[in-house]
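Enquirer: For the protein sequence lines, the chains are G and E, in the order given. With this note's numbering applied, the first sequence has no gaps in its numbers, which climb one by one up to 240 at the end. With this note's numbering applied, the second sequence has no gaps in its numbers, which climb one by one up to 202 at the end.
Mixed in with the good hints, there may be bad ones.
[What the hints assert, rightly or not] One-sided and incomplete, this derived list gives chain G residues near chain E with beta-carbon spacing under 8 Å: (1) S144; (2) V148; (3) F164; (4) V221; (5) F223.
Honestly, the hints are just simulated from the structure, not real lab data. Source: prediction; values computed, not measured. Ideal Cβ positions, reconstructed from N, Cα and C, are used throughout, including at glycine.
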Amino acid sequence: MSTNNRPLSPHLDVYRLPLTAFVSVIHRGTGAALSVGTVALVWWLIALAGGEESFNTAQQLLGSIIGQLVLLGWTFSLFIHLANGIRHLIWDSGYGFEKDQVTKSTFIVIGVAFVLTASVWACAYAFGTGV
Amino acid sequence: MNFRSPLGEAKGLGSAHDGLHHWWAQRVTAIALIPLTIWFAFKVAILSMSDYQTVAECIGSPWSAALIVSLIVAAFYHAALGMQVIYEDYISKKAVRIVAVMGTNLVLFLLGAAGVIAVIRIAVGG
């Protein structure tokens, strides 16, 4: 069995990840984070189902500085995973594999995630003042 | 061209013959989640400063509730499929891997069921 002439992958300790590779890792990271984050979604829905008192408590917690920071990370994770997910669907259909295309789409993914996150938060703060 | 090692051939390890459904379901739920999550994120953002009555009515309206239930089902299924792939890549001990996959599936199912029941309760005004 001769397996010693197989190509080696770049050693992660000494290899600076290109942005493309970093976004690829981020897709998994945000996917796992969003899976954990579903707890927050269900908790909020249960609070709303529980009536006015539990809903107000939940809103107060989400409106606090820590709550807002968690939600900011939550929304940005969601949109980067969503934008990169669409890129994966395009790859699945067989397009966009050239090196310059991948570099370009990496920047588009990051740009789209920022724009969507900013839009959602602009919406949130445009429709009222204070929780 | 054969990419499998001689040892792999000898041990008969290879396709489990059930990967396509997993792959396909991951994509179908992904496509469903694109409009659903964008809609939900903006809806919640717009409602973020509203009082209980307004939010309950808006989330509990028939179409809204139906879309959120769809979102929950697609999202939790998508999450379960995704977490399974992560476990399969990084957990080499078979027993630990199976426990992790099954445990995650059970927890995500419970959370999804709780979410759906909450939405139904909001919709019927319980």
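Enquirer: Confirm or reject each hint.
Expert: Each hint tested on the structure:
1. S144: G/S144 check passes; min Cβ-Cβ to chain E is 4 Å, inside 8 Å.
2. V148: 7 Å, holds
3. F164: Constraint on G/F164 satisfied, holds at 5 Å.
4. V221: 11 Å, violated
5. F223: Violated. Min distance 14 Å.
Of the numbered hints stated above, those contradicted by the structure are hints 4 and 5, listed in ascending order.
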